Amino acid sequence: MEAMVTAWLLGKKCTVPATLTIMDAMEYAGFKLIRGVGCRNGFCGACAVIYRLKGTTELKVVLACQTKIEEGMCVGKIESFPLNKRSFNLEELRPTDNIIGQLYPEIYSCIGCNACTKGCPEGINVMQYIAYAQRGEYEKCARESFDCVGCNICASRCPAQISHSAVGLLARRLTGRYLEPQCAHLEKRVAEVEQGLYREPLTKLKNLPLAELQKLYNNREIEK
Amino acid sequence: MSAYTEEMLKSIAKVESTRAARLHVELKRFTAEEKDAVLKKFHPDYNTAAFTTLSVGPNKGDKVPKELGALLEGHSRLEKVQLDLQRLDYDVDVLIIGGGGAGASAALEANKGGAKVLVVTKLKMGYANTMMAEGGIQAADKANDGPDVHYLDALGGGHYKNIPDLLEELVENGPAAIKWLSDLGVLFDKQADGTMVTTHGGGTSRKRMHACADCTGAEIMRVLRDEVQNQGIPVLDYAPAVELLLDQEGKAAGAVLYDYDAEEFLVVRAKTVIIATGGAGRLHYQGFPTSNHYGATADGLVLAYRAGAKLIYANSSQFHPTGVGFPAQIYGALVTEKVRSIGAQLVNSEGEAFMHPLETRDVATATIIRECTERGKGVKALDGVALWLDTPMIDQLHGEGTIATRIPGMLKMFGQFGIDLRKEPVLVYPTLHYQNGGILIDKDAETSIPGLFVAGEAVGGIHGTNRLMGNSLLDIIVFGRIAGTKAAAQAKTTKLAALSLDHVAKFARDLAAAGIKTEVVSPKLLPVYTHGRPSRSEKRGI
Numbered sequence: 001m002e003a004m005v006t007a008w009l010l011g012k013k014c015t016v017p018a019t020l021t022i023m024d025a026m027e028y029a030g031f032k033l034i035r036g037v038g039c040r041n042g043f044c045g046a047c048a049v050i051y052r053l054k055g056t057t058e059l060k061v062v063l064a065c066q067t068k069i070e071e072g073m074c075v076g077k078i079e080s081f082p083l084n085k086r087s088f089n090l091e092e093l094r095p096t097d098n099i100i101g102q103l104y105p106e107i108y109s110c111i112g113c114n115a116c117t118k119g120c121p122e123g124i125n126v127m128q129y130i131a132y133a134q135r136g137e138y139e140k141c142a143r144e145s146f147d148c149v150g151c152n153i154c155a156s157r158c159p160a161q162i163s164h165s166a167v168g169l170l171a172r173r174l175t176g177r178y179l180e181p182q183c184a185h186l187e188k189r190v191a192e193v194e195q196g197l198y199r200e201p202l203t204k205l206k207n208l209p210l211a212e213l214q215k216l217y218n219n220r221e222i223e224k
Numbered sequence: 001m002s003a004y005t006e007e008m009l010k011s012i013a014k015v016e017s018t019r020a021a022r023l024h025v026e027l028k029r030f031t032a033e034e035k036d037a038v039l040k041k042f043h044p045d046y047n048t049a050a051f052t053t054l055s056v057g058p059n060k061g062d063k064v065p066k067e068l069g070a071l072l073e074g075h076s077r078l079e080k081v082q083l084d085l086q087r088l089d090y091d092v093d094v095l096i097i098g099g100g101g102a103g104a105s106a107a108l109e110a111n112k113g114g115a116k117v118l119v120v121t122k123l124k125m126g127y128a129n130t131m132m133a134e135g136g137i138q139a140a141d142k143a144n145d146g147p148d149v150h151y152l153d154a155l156g157g158g159h160y161k162n163i164p165d166l167l168e169e170l171v172e173n174g175p176a177a178i179k180w181l182s183d184l185g186v187l188f189d190k191q192a193d194g195t196m197v198t199t200h201g202g203g204t205s206r207k208r209m210h211a212c213a214d215c216t217g218a219e220i221m222r223v224l225r226d227e228v229q230n231q232g233i234p235v236l237d238y239a240p241a242v243e244l245l246l247d248q249e250g251k252a253a254g255a256v257l258y259d260y261d262a263e264e265f266l267v268v269r270a271k272t273v274i275i276a277t278g279g280a281g282r283l284h285y286q287g288f289p290t291s292n293h294y295g296a297t298a299d300g301l302v303l304a305y306r307a308g309a310k311l312i313y314a315n316s317s318q319f320h321p322t323g324v325g326f327p328a329q330i331y332g333a334l335v336t337e338k339v340r341s342i343g344a345q346l347v348n349s350e351g352e353a354f355m356h357p358l359e360t361r362d363v364a365t366a367t368i369i370r371e372c373t374e375r376g377k378g379v380k381a382l383d384g385v386a387l388w389l390d391t392p393m394i395d396q397l398h399g400e401g402t403i404a405t406r407i408p409g410m411l412k413m414f415g416q417f418g419i420d421l422r423k424e425p426v427l428v429y430p431t432l433h434y435q436n437g438g439i440l441i442d443k444d445a446e447t448s449i450p451g452l453f454v455a456g457e458a459v460g461g462i463h464g465t466n467r468l469m470g471n472s473l474l475d476i477i478v479f480g481r482i483a484g485t486k487a488a489a490q491a492k493t494t495k496l497a498a499l500s501l502d503h504v505a506k507f508a509r510d511l512a513a514a515g516i517k518t519e520v521v522s523p524k525l526l527p528v529y530t531h532g533r534p535s536r537s538e539k540r541g542i
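Protein chains in written order, with the working numbering: chain A, 1 to 224; chain B, 1 to 542.
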């Protein structure tokens, strides 16, 4: 008999195997999951749930697909958290003039409580990247926020009502578009393709008989 | 306390004892004959008992996995539903079914082309396999490389079954796809002078794998989704398509959706339709675990097939050789190929490296299965066996900190279950990863049904019968953009006749005529999991 635990899933008392994740435990208990489930591998941020152990004060927020069920968990869902994402035209933006502060002025309301960082299932120093955004250090903000899966647990915990994941994403897009060095070999190759430089070699390959192709493939030089 | 069992720890000791000797040895690659032999004997695609022959439809007589065959020859949800097709819930130029990387790319280009676009998704935009692609995206943009070199790699890797016109589009548009993403602000790994950091993937002859740390797909997906939102393109979540609509002349003309919240059907009229519904991992062919997202149930194939579009290579699946074999919480999840491309070897229970770590995925899968079955050198894990991926080699080869900077996602994933892959190897076994086959398109991404386009994993033929790592992220961008552009252009001149579901009724008659009796209703939409829950009916859902 495998070890079982008792948990309250969306208010329902359930007894489930102790080896399951919170998400699997919900399915074991009979919930047919439609909302609040996505990649089931911890990448997409769809399955943020909030829980406390029965009788304790502390609330925790985690990804249901990445967290084991525990005895006494009382689990509720955070799903479709209303983020306040601003629209922008990246081609008209520049990573100057405190652009993130202009689009997201609420970042200056941060009171330094660090609830965002404490809540992050990815272990990101969320408060730090908001601080970078405040100071216009967008590249640092981009790097610090890079692992964000957009579960918005941070935003759900923030007394200053900041939309953290949107701030980090804007910093990353500004960094990728404007702050990173341009890539010369990429520009060159795109131009060469546009000039039709590869039309002939590709047409030739497309029309080679199978035996010729196999010979080419089996003897091709492999970069060390 | 170690997360591993005592038996595993004993085997780890053997792995450690041989590590120094293995560290700088370049393992031999298989010859073409050796590859062929191991594939035929051990690759799941060659397990004839796992396939069925289709009795109706454009691929009548072709073999497909049993699980897919049952859905292709299943009942429509609309069989007993009276729908008023005159009552439109949405009337648009371009309908895009699916909210992954292909759907988002298509949406951006169709919108740019001036079309009125609607994106519909079963879950939400970005809850998709794109989000989970870790390793990278190929494109031939370096001096020692070229689209022609890329072409040959993908062709040989695909067993020469790739459709030449599609493969040509893929490789020739590769560099432009990277530039498009880069201009949207995707944060590629670069050197200080702007040179892209690129590595090998299984089967590549040049280092052309571009990456965004080890969450390349996630970085691409979140940027594309952000841009779809910036452009104000309407997205309807939790509304999967359950049938395509044609017009009375046989052109694609929209779809019937099922609104999960209202539990009602919706009618969408569209001048052109793009299927971007992704793969089939959640059909769990032959009982394999999968690396795929929750909604990967081959819906687009079912819709298109019922409407008369032909499939190609639907009997060909890609098993990723290195799914997680242990622990249970992440069983089947992906250990990115990048772990091997930066130096980790596959090692058996006795501590022996038994293959070059960068063989193509199908060969690696078959070889791992051989090592575990015929040769009996697997490590007992959960209900089956698995093999070691010797991750501590990476830092020993490239210096301490390499794992932390190059594969931080992997470090974190195993770390939370008490396994430090800098110090201990990890257990892997093949997992169902990618649908090589799919709906047949031409180089404009259009099917044989006028106005019906397909992009992404739902397409078949680009990769032959085996896809190389990094060519899928590329194809969703390249063919997503092509489909969006072409669908928008075509919509400008399309004149639709009256909407029709006659093709659905005809398919049902064909099934009956072929003597097929089935309870299956398709598309599947979502899998049902009970995790061993005893004694309750599984008959649920819509």
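These aren't lab readings, by the way, just hints derived from the structure by calculation.
Treat each hint with caution, since some may be false.
27 Å max Cα-Cα, derived DSS-like pairs, lysine-lysine [as the list claims (entries may be wrong)]:
{"hint": "1", "chain 1": "A", "residue 1": "140", "chain 2": "B", "residue 2": "35"}
{"hint": "2", "chain 1": "A", "residue 1": "224", "chain 2": "B", "residue 2": "10"}
{"hint": "3", "chain 1": "A", "residue 1": "206", "chain 2": "B", "residue 2": "116"}
{"hint": "4", "chain 1": "B", "residue 1": "116", "chain 2": "A", "residue 2": "68"}
{"hint": "5", "chain 1": "B", "residue 1": "161", "chain 2": "A", "residue 2": "140"}
{"hint": "6", "chain 1": "B", "residue 1": "35", "chain 2": "A", "residue 2": "215"}
{"hint": "7", "chain 1": "B", "residue 1": "161", "chain 2": "A", "residue 2": "85"}
{"hint": "8", "chain 1": "B", "residue 1": "66", "chain 2": "A", "residue 2": "32"}
{"hint": "9", "chain 1": "A", "residue 1": "188", "chain 2": "B", "residue 2": "35"}
{"hint": "10", "chain 1": "A", "residue 1": "140", "chain 2": "B", "residue 2": "190"}
{"hint": "11", "chain 1": "B", "residue 1": "412", "chain 2": "A", "residue 2": "68"}
{"hint": "12", "chain 1": "A", "residue 1": "85", "chain 2": "A", "residue 2": "32"}
{"hint": "13", "chain 1": "A", "residue 1": "32", "chain 2": "B", "residue 2": "190"}
{"hint": "14", "chain 1": "B", "residue 1": "80", "chain 2": "A", "residue 2": "206"}
{"hint": "15", "chain 1": "B", "residue 1": "35", "chain 2": "A", "residue 2": "206"}
{"hint": "16", "chain 1": "A", "residue 1": "68", "chain 2": "B", "residue 2": "423"}
{"hint": "17", "chain 1": "A", "residue 1": "224", "chain 2": "B", "residue 2": "207"}
{"hint": "18", "chain 1": "A", "residue 1": "215", "chain 2": "B", "residue 2": "28"}
{"hint": "19", "chain 1": "B", "residue 1": "423", "chain 2": "A", "residue 2": "77"}
{"hint": "20", "chain 1": "B", "residue 1": "380", "chain 2": "A", "residue 2": "206"}
{"hint": "21", "chain 1": "B", "residue 1": "443", "chain 2": "A", "residue 2": "188"}
{"hint": "22", "chain 1": "A", "residue 1": "85", "chain 2": "B", "residue 2": "116"}
{"hint": "23", "chain 1": "B", "residue 1": "66", "chain 2": "B", "residue 2": "423"}
{"hint": "24", "chain 1": "A", "residue 1": "60", "chain 2": "B", "residue 2": "190"}
{"hint": "25", "chain 1": "A", "residue 1": "224", "chain 2": "B", "residue 2": "80"}
{"hint": "26", "chain 1": "A", "residue 1": "224", "chain 2": "B", "residue 2": "66"}
{"hint": "27", "chain 1": "B", "residue 1": "28", "chain 2": "A", "residue 2": "85"}
{"hint": "28", "chain 1": "B", "residue 1": "112", "chain 2": "A", "residue 2": "188"}
{"hint": "29", "chain 1": "A", "residue 1": "215", "chain 2": "B", "residue 2": "124"}
{"hint": "30", "chain 1": "B", "residue 1": "179", "chain 2": "A", "residue 2": "206"}
{"hint": "31", "chain 1": "B", "residue 1": "112", "chain 2": "A", "residue 2": "215"}
{"hint": "32", "chain 1": "B", "residue 1": "310", "chain 2": "A", "residue 2": "68"}
{"hint": "33", "chain 1": "B", "residue 1": "412", "chain 2": "A", "residue 2": "60"}
{"hint": "34", "chain 1": "A", "residue 1": "32", "chain 2": "B", "residue 2": "124"}
{"hint": "35", "chain 1": "A", "residue 1": "215", "chain 2": "B", "residue 2": "161"}
{"hint": "36", "chain 1": "B", "residue 1": "161", "chain 2": "A", "residue 2": "188"}
Using C-beta positions, here's what the derived DEER-type ranges look like [said to hold, decoys possible]:
{"hint": "37", "chain 1": "B", "residue 1": "28", "chain 2": "A", "residue 2": "209", "range": "27 to 33 Å"}
{"hint": "38", "chain 1": "A", "residue 1": "86", "chain 2": "B", "residue 2": "402", "range": "34 to 40 Å"}
{"hint": "39", "chain 1": "B", "residue 1": "448", "chain 2": "A", "residue 2": "34", "range": "30 to 36 Å"}
Being a predicted model, the structure only gives us computed values, none of them experimental.
Even for Gly, the Cβ is constructed at its ideal location relative to N, Cα and C.
Structure-based check of each hint:
A threshold of 27 Å between alpha carbons decides the hint, and for residue 140 (chain A) with residue 35 (chain B) the separation of about 46 Å lies outside it, so the pair is violated. Simply put, residue 224 (chain A) and residue 10 (chain B) have alpha-carbon atoms about 35 Å apart, too far for the 27 Å limit, and the pair is violated. A threshold of 27 Å between alpha carbons decides the hint, and for residue 206 (chain A) with residue 116 (chain B) the separation of about 37 Å lies outside it, so the pair is violated. The suggested pairing of residue 116 (chain B) with residue 68 (chain A) is violated, with an alpha-carbon distance near 44 Å, which exceeds 27 Å.
Restraint check for residue 161 (chain B) and residue 140 (chain A): not satisfied, since their Cα atoms lie roughly 46 Å apart, outside the 27 Å limit. Proposed proximity of residue 35 (chain B) and residue 215 (chain A) is supported: the alpha carbons are some 15 Å apart, at most 27 Å. Annotation: proposed proximity of residue 161 (chain B) to residue 85 (chain A) is violated, straight-line Cα distance about 45 Å (limit 27 Å). Between residue 66 (chain B) and residue 32 (chain A), the direct Cα distance comes to roughly 25 Å. Compliance with the 27 Å bound is thereby established for this hinted pair.
Simply put, residue 188 (chain A) and residue 35 (chain B) have alpha-carbon atoms about 37 Å apart, too far for the 27 Å limit, and the pair is violated. A distance of roughly 15 Å separates the Cα atoms of residue 140 (chain A) and residue 190 (chain B); the hinted pair therefore holds under the 27 Å criterion. Using a Cα cut-off of 27 Å, the hinted pair residue 412 (chain B) and residue 68 (chain A) holds, with the two alpha carbons roughly 15 Å apart. For the given pair, residue 85 (chain A) sits about 30 Å from residue 32 (chain A) by alpha-carbon distance, which is inconsistent with the 27 Å threshold.
Distance check on the hinted pair: residue 32 (chain A) and residue 190 (chain B) sit about 44 Å apart at the alpha-carbon level, beyond 27 Å; violated. With a C-alpha separation of about 48 Å, the suggested pair residue 80 (chain B) and residue 206 (chain A) falls outside the 27 Å cut-off, and the hint is violated. A C-alpha spacing of about 24 Å is found between residue 35 (chain B) and residue 206 (chain A), which places the hinted pair at or below 27 Å, so the restraint holds. Taking the CA atoms of residue 68 (chain A) and residue 423 (chain B), the gap is about 24 Å. The hint holds against a cut of 27 Å.
As the CA atoms of residue 224 (chain A) and residue 207 (chain B) are separated by approximately 9 Å, the hinted pair is consistent with the 27 Å bound. Of the pairs offered as hints, the one joining residue 215 (chain A) and residue 28 (chain B) holds, with about 19 Å between alpha carbons and a cut-off of 27 Å not exceeded. Taking the CA atoms of residue 423 (chain B) and residue 77 (chain A), the gap is about 36 Å. The hint is violated against a cut of 27 Å. For the suggested pair residue 380 (chain B) and residue 206 (chain A), the alpha carbons sit about 46 Å apart, so the restraint of at most 27 Å is broken.
Restraint check: the Cα-Cα separation between residue 443 (chain B) and residue 188 (chain A) comes to about 25 Å, which is no more than 27 Å; the hinted pair holds. For the hint pairing residue 85 (chain A) with residue 116 (chain B), the CA-to-CA distance comes to about 23 Å; that is within 27 Å, so the pair holds. Taking the CA atoms of residue 66 (chain B) and residue 423 (chain B), the gap is near 42 Å; set against the 27 Å cutoff, the hint is violated. This hinted pair does not check out: residue 60 (chain A) and residue 190 (chain B) have alpha carbons roughly 37 Å apart, beyond 27 Å.
Of the supplied pair hints, the one linking residue 224 (chain A) and residue 80 (chain B) is violated, its CA atoms being roughly 61 Å apart against a limit of 27 Å. A threshold of 27 Å between alpha carbons decides the hint, and for residue 224 (chain A) with residue 66 (chain B) the separation of about 42 Å lies outside it, so the pair is violated. Restraint check for residue 28 (chain B) and residue 85 (chain A): not satisfied, since their Cα atoms lie roughly 52 Å apart, outside the 27 Å limit. With a C-alpha separation of about 25 Å, the suggested pairing of residue 112 (chain B) with residue 188 (chain A) holds against the 27 Å cut-off.
Using a Cα cut-off of 27 Å, the hinted pair residue 215 (chain A) and residue 124 (chain B) is violated, with the two alpha carbons roughly 46 Å apart. Among the hinted pairs, residue 179 (chain B) with residue 206 (chain A) is consistent with the structure: their alpha-carbon atoms are about 26 Å apart, no more than 27 Å. A hinted pair counts as satisfied when its Cα atoms are at most 27 Å apart, and residue 112 (chain B) with residue 215 (chain A) does not qualify at roughly 43 Å. Restraint check: the Cα-Cα separation between residue 310 (chain B) and residue 68 (chain A) comes to about 44 Å, which exceeds 27 Å; the hinted pair is violated.
Using a Cα cut-off of 27 Å, the hinted pair residue 412 (chain B) and residue 60 (chain A) holds, with the two alpha carbons roughly 19 Å apart. Between residue 32 (chain A) and residue 124 (chain B) the alpha-carbon distance is near 17 Å, which keeps this suggested pair within the 27 Å criterion. A threshold of 27 Å between alpha carbons decides the hint, and for residue 215 (chain A) with residue 161 (chain B) the separation of about 16 Å falls inside it, so the pair holds. Simply put, residue 161 (chain B) and residue 188 (chain A) have alpha-carbon atoms about 31 Å apart, too far for the 27 Å limit, and the pair is violated.
The hint said 27 to 33 Å for the Cβ distance between residue 28 (chain B) and residue 209 (chain A), and at roughly 29 Å that hint holds. Taken as a hint, the range 34 to 40 Å holds for the pair residue 86 (chain A) and residue 402 (chain B), whose Cβ atoms sit roughly 38 Å apart. Taking the beta carbon of each, residue 448 (chain B) and residue 34 (chain A) are about 33 Å apart, inside 30 to 36 Å as hinted.
Hint compliance for this structure: hints 1, 2, 3, 4, 5, 7, 9, 12, 13, 14, 19, 20, 23, 24, 25, 26, 27, 29, 31, 32, 36 are broken, all remaining hints hold.
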